[in-house]
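The opening residue of the sequence shown carries number 364 in this note's numbering; numbering runs sequentially from there.
Derived by calculation from the structure, the hints in this document are not laboratory data.
From a predicted model like this one, the values you see are computed outputs, not experimental measurements.
Just to be clear, a hint being listed does not mean it is correct.
List time: in silico DSS-like cross-link candidates among lysine-lysine, alpha-carbon distance up to 27 Å [to be verified]: (1) LYS485 with LYS541; (2) LYS485 with LYS517; (3) LYS427 with LYS392; (4) LYS566 with LYS521; (5) LYS557 with LYS541; (6) LYS537 with LYS582; (7) LYS582 with LYS521; (8) LYS517 with LYS541; (9) LYS368 with LYS427; (10) LYS425 with LYS537.
The calculated label-pair distances, taken between Cβ atoms and stated as ranges, are [as the list claims (entries may be wrong)]: (11) ALA564 with LEU430: 20 to 26 Å; (12) ALA564 with LYS517: 27 to 33 Å; (13) SER490 with LYS403: 34 to 40 Å; (14) ASN411 with ARG526: 52 to 58 Å; (15) VAL588 with GLU453: 44 to 50 Å; (16) ALA583 with ASN383: 20 to 26 Å; (17) ARG526 with LEU552: 26 to 32 Å.
Every residue gets a Cβ at the ideal spot worked out from N, C-alpha and C, and that includes glycine.
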Amino acid sequence: MNMSKRLLLALDYPEVNNLNLSDENTFRKVIIWLEENWIKKATADLVNQLKNNRDWHITYSKYKDGLGCPVLESRIEELQWILGYAIQIESHKNRNVYLKHAVENLQSKNVPSVVAENILDKLDFSSQEFVGGINELAKVLNIVSHPDPLVTLKAVRKVVVQRMAPDCVENPEKYILKGTPFPIQETDLGFDLKDPVLNQAAKILRMIYIQDLRNLQTKANELIVAVQSVTANPKTDTKLGKVGF
Numbered sequence: 364m365n366m367s368k369r370l371l372l373a374l375d376y377p378e379v380n381n382l383n384l385s386d387e388n389t390f391r392k393v394i395i396w397l398e399e400n401w402i403k404k405a406t407a408d409l410v411n412q413l414k415n416n417r418d419w420h421i422t423y424s425k426y427k428d429g430l431g432c433p434v435l436e437s438r439i440e441e442l443q444w445i446l447g448y449a450i451q452i453e454s455h456k457n458r459n460v461y462l463k464h465a466v467e468n469l470q471s472k473n474v475p476s477v478v479a480e481n482i483l484d485k486l487d488f489s490s491q492e493f494v495g496g497i498n499e500l501a502k503v504l505n506i507v508s509h510p511d512p513l514v515t516l517k518a519v520r521k522v523v524v525q526r527m528a529p530d531c532v533e534n535p536e537k538y539i540l541k542g543t544p545f546p547i548q549e550t551d552l553g554f555d556l557k558d559p560v561l562n563q564a565a566k567i568l569r570m571i572y573i574q575d576l577r578n579l580q581t582k583a584n585e586l587i588v589a590v591q592s593v594t595a596n597p598k599t600d601t602k603l604g605k606v607g608f
């Protein structure tokens, strides 16, 4: 079951077991069902237009814009974004139900109190020594320093983890990106900020956002697989069975 079907199952979509999202009519039906049952952001007139097959693609574009859906590469990605939007509404509506299961709200019982002697806990992150050391380290790694030293430190950590891990150093060919560079200069932003520098910055921000969205989707898939590995293989104790009354 793919990501979209899992999310629809979580939202109690009635026909999730016989779902073909590549079918145009099925896709439209799902969008209308999500709006009417969960999202409820569109006007009645727009919902009626969604139900009408006439000029559906134009109406669907208006609907996406109203939700703030970003520009994505496929309809399946758009559907997953809209499903995530619906899940967010449900989570916020019942936040008190979910908060009591949050890790920070779980009460520990019979857990001994341990005082950690970690030298990092005693660092003054605003001191000149710390700021200077982080900036020097960033300079060695060819990283542009940020006014906030903690942001610079995050960048340093990312480079070290992704480029200087033992396996990266021993097998650099596995981690060096290959292929044709993405032609960001020639891509169409979709709008004009009347400033070439701002236009290029907007293109970069959009690409970073899409990359973050894909990484989030990958992590969500990994989480679902991990949960299923626990719940999808129940063991039966036949000794507890009972026949008759």
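Hints, one by one, checked against the model:
no.	hint	result
1	LYS485 with LYS541	violated (43 Å)
2	LYS485 with LYS517	holds (19 Å)
3	LYS427 with LYS392	holds (15 Å)
4	LYS566 with LYS521	holds (22 Å)
5	LYS557 with LYS541	violated (34 Å)
6	LYS537 with LYS582	holds (21 Å)
7	LYS582 with LYS521	holds (18 Å)
8	LYS517 with LYS541	holds (25 Å)
9	LYS368 with LYS427	holds (20 Å)
10	LYS425 with LYS537	violated (43 Å)
11	ALA564 with LEU430: 20 to 26 Å	holds (25 Å)
12	ALA564 with LYS517: 27 to 33 Å	violated (20 Å)
13	SER490 with LYS403: 34 to 40 Å	violated (52 Å)
14	ASN411 with ARG526: 52 to 58 Å	holds (54 Å)
15	VAL588 with GLU453: 44 to 50 Å	violated (22 Å)
16	ALA583 with ASN383: 20 to 26 Å	holds (22 Å)
17	ARG526 with LEU552: 26 to 32 Å	holds (30 Å)
This entry does not satisfy hints 1, 5, 10, 12, 13 and 15, going by the numbered hints stated previously.
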